[in-house]
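Q: Put together the whole structure using the sequences plus the hints.
Residue numbers (the working numbering): 1 to 773.
Please keep in mind that the hints were generated in silico from the structure rather than gathered at the bench. Beta carbons are placed, not taken as given, at the ideal position from N, Cα and C, and that holds for glycine. A portion of the hints provided could be inaccurate.
To be verified - Label-pair restraints from in silico Cβ distances:
id : residue 1 : residue 2 : range
1  : MET126    : GLU388    : 51 to 57 Å
2  : GLN531    : ARG704    : 44 to 50 Å
3  : ALA745    : ARG330    : 54 to 60 Å
4  : LYS396    : ALA91     : 18 to 24 Å
5  : GLU722    : ALA91     : 49 to 55 Å
6  : LEU585    : GLY676    : 27 to 33 Å
7  : LEU686    : LEU130    : 55 to 61 Å
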Amino acid sequence: MEKSRINSDKLKFIDEEKRGKLIHAFKCVFSCAAGLLLAHAKIFGRLSPLALAFSAAAVQPYALAAAVGSLSGYLLSFSGTEGIRYMACVAGTALINFSVNRLRGEDCVRHTAPVSAALCCASTGMAVLLVEGFTLNGVVGFLSDCILAGGMTYFFSRSLRLTEHKNKSNALGRHDIICIAVSCCAALTAFARLNILNFRPAGTAAALAVMLLCFALRESGGAIGGICSGTALAAACGDPSLGAVYAAAGLCAGLFSKFGQFGISAAFICICGISAVISPSPQAVAAIAESAAAALIFVLIPRARLEKLREKLSPAQEYAPDGERGELCRRLNDAESALEGVGRCIERAGKRIDSVRPDGAEIMTARVKQSVCAGCGKCAGKREKLRERAFSDAIKILREENHITSEELGAEFCAECPKSYAVAESFNRIFAGSVASACAAQKTNQLRRAVADSFGAMADIIGEIAAQTARSEMFLPAQTSCAVDVLGELGLNIISACCKRDCEGHIKLTVKAAELPENSVLRKAADTLSQELGAALALPAIRDTEGGVELTFGEKPRFCFEIGSDQRPASDDGDCGDCCDCVGLEDGRNVIILSDGMGTGRRAAVDSAMATDLFASLICSGLSCEAALRTVNTALIAKSEDESLATLDIASLDPYSGEISFFKAGAAPCFIKRAGRTAILELPSLPAGILSRIGFSTAGTELREGDTVVMISDGVAADGSEWILKLLRSWRGDAQGLAEELTAAALSRRKGKKSDDMTAICVRVHGADRIGN
1 MEKSRINSDK LKFIDEEKRG KLIHAFKCVF SCAAGLLLAH AKIFGRLSPL
51 ALAFSAAAVQ PYALAAAVGS LSGYLLSFSG TEGIRYMACV AGTALINFSV
101 NRLRGEDCVR HTAPVSAALC CASTGMAVLL VEGFTLNGVV GFLSDCILAG
151 GMTYFFSRSL RLTEHKNKSN ALGRHDIICI AVSCCAALTA FARLNILNFR
201 PAGTAAALAV MLLCFALRES GGAIGGICSG TALAAACGDP SLGAVYAAAG
251 LCAGLFSKFG QFGISAAFIC ICGISAVISP SPQAVAAIAE SAAAALIFVL
301 IPRARLEKLR EKLSPAQEYA PDGERGELCR RLNDAESALE GVGRCIERAG
351 KRIDSVRPDG AEIMTARVKQ SVCAGCGKCA GKREKLRERA FSDAIKILRE
401 ENHITSEELG AEFCAECPKS YAVAESFNRI FAGSVASACA AQKTNQLRRA
451 VADSFGAMAD IIGEIAAQTA RSEMFLPAQT SCAVDVLGEL GLNIISACCK
501 RDCEGHIKLT VKAAELPENS VLRKAADTLS QELGAALALP AIRDTEGGVE
551 LTFGEKPRFC FEIGSDQRPA SDDGDCGDCC DCVGLEDGRN VIILSDGMGT
601 GRRAAVDSAM ATDLFASLIC SGLSCEAALR TVNTALIAKS EDESLATLDI
651 ASLDPYSGEI SFFKAGAAPC FIKRAGRTAI LELPSLPAGI LSRIGFSTAG
701 TELREGDTVV MISDGVAADG SEWILKLLRS WRGDAQGLAE ELTAAALSRR
751 KGKKSDDMTA ICVRVHGADR IGN
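A: Now the structure itself:
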């Protein structure tokens, strides 16, 4: 989720088009530069497979840039056969990856790239050995080159994949962290031989990386960073002692990580100093200076930044439920995989069927020949070319005008063919049947895609249920018993009770009582339970049930949200084509949904209401916004033969953290006001109901008390958004009044012009104390 800060009137949270172009250009330049620099990195003084590995691991949009950079680097850094050999390896690997990508897809390239890099390195290396002769050093170097090429391709590929597909969880996995550490340390070898009076900038960078890992991952981070950086510098500089020094320094710094930045820095410098005393040399003394420079940079980094790094690099918790829950999760995961396989199978079968369909022109001419020309020998010999030319012209005329006459076949053909009238009629009849067949095939393809996408949507739903089951809330029996005693002492007749802690760490107490107590009792119950359970609880949510009443006590949120909305249909006597809703989820989040159906009137109202109701019911059942969108999209596609689409504008508000997450599918921009300043959020995306497998454009930020959020349909912003920003900056009233003022102002600006349905939803953020306990 991308987070944006509000700091100016013209700030945009995100501009997808410009941002996408800039990121693409940056990645191309980075890929080319990385290949160029890694080609200069020499392992053990003579091996240079890192640029080859990087170009083999680069993903397809940037593979060409990486290959060009690697080829240029090898051309500049080598003068003999070694440079030509590595250049041949880069070209061969790029060709193999391109072929595999065309035949099997990008995912297959990731699996075959390490093998292809190692095989290309082995084939060219074997050719060099055959020419220069087999020696022990030559064979060892050959094997090392192949292993490094294949292994580093895997590490680079895994690291680059993390930049293309962001991890859904906030933290990285252990394997991901190791791959990133190995890749970064390997990149340092390109600068390892650069030194100023024995001072190596690469040594400073390596020491800083080790210290950062020590802070984030403590002992394990120090060990990983020390071993990786030490091994890389030792292999590049030809000094094996560096590996031991960095490994020991990293482990020791990790042990002292509990003392913070100064403890980590001091421990690392001390180990480097001890190594210089034991084995004095210019390099050892320089290592002290390098580590001191790294320590200075490290202690100057704000601790808040380091805490964010620790949060990001902390290994993601892996849930492995056992017993009945574990078996249920495994069966759900198997069902998810099976449904995904069904969807992919339908798509593959459809593509194969489409690929074997012969060309329509060939079918039509063959049928005309069979129905009219069979048994007629007039066109045999030299007249065959005349007939083929006339038939080809007939196909072109039919595709342009949908009908043909015998005169349009040409005077020369009509003079030679006694059945020209029958030929024209046959073409008209067969073409009409071909058009009907094409329409049927198109509908079949649409149905096939809808069915395949529905299987994918079901797989997403089952997958999320499995994940939620694995991360189910923790039941607290002691707290449950304590709550029953407390409520019993207050005079409540408790039928059942359940106290649990959810995945976010919030306590929730659900109690079923025989009758609803008075408000004073509920207030006293919330205060007493807060003391006994160690969490500030708010007044309970009340729901009538069969045989009693259900009371749900949840933790007090930091914020509450004042929400106002107003709608204006395009015409006074028509239905509004916009639909909106606000739902509360079990985890406390409030989700605002705004949908705009295509066009205006009843048809648009049906589409937007369907999208809103479906989406609300799906997220209330526990599904994520992405899974709910896929299901809504499939439902809109399959709803009718006519095009049926609707935008979706979603805002998810967390009252505990103040986090707001935006999900947009073809929706109009949103606006945020903070301390008199305004910001606009524009996220280009496709609405639901057009194409299968669409996705949300997303953004997010953290709200503060006093902030105002405005969501609108495109009818409000038909005349631009500057007037909305101006009105928002000057508004001092409540949320409902702002929503009504926005729609009224938009309506007045559209007088005399064609109008669209208008909806405005406004949210004001208040502290939780505004609503009391």
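Q: Hints numbered earlier in the text: which of these fail when held up against the supplied structure?
A: The structure conflicts with hints 2, 4, although it agrees with all the remaining ones.
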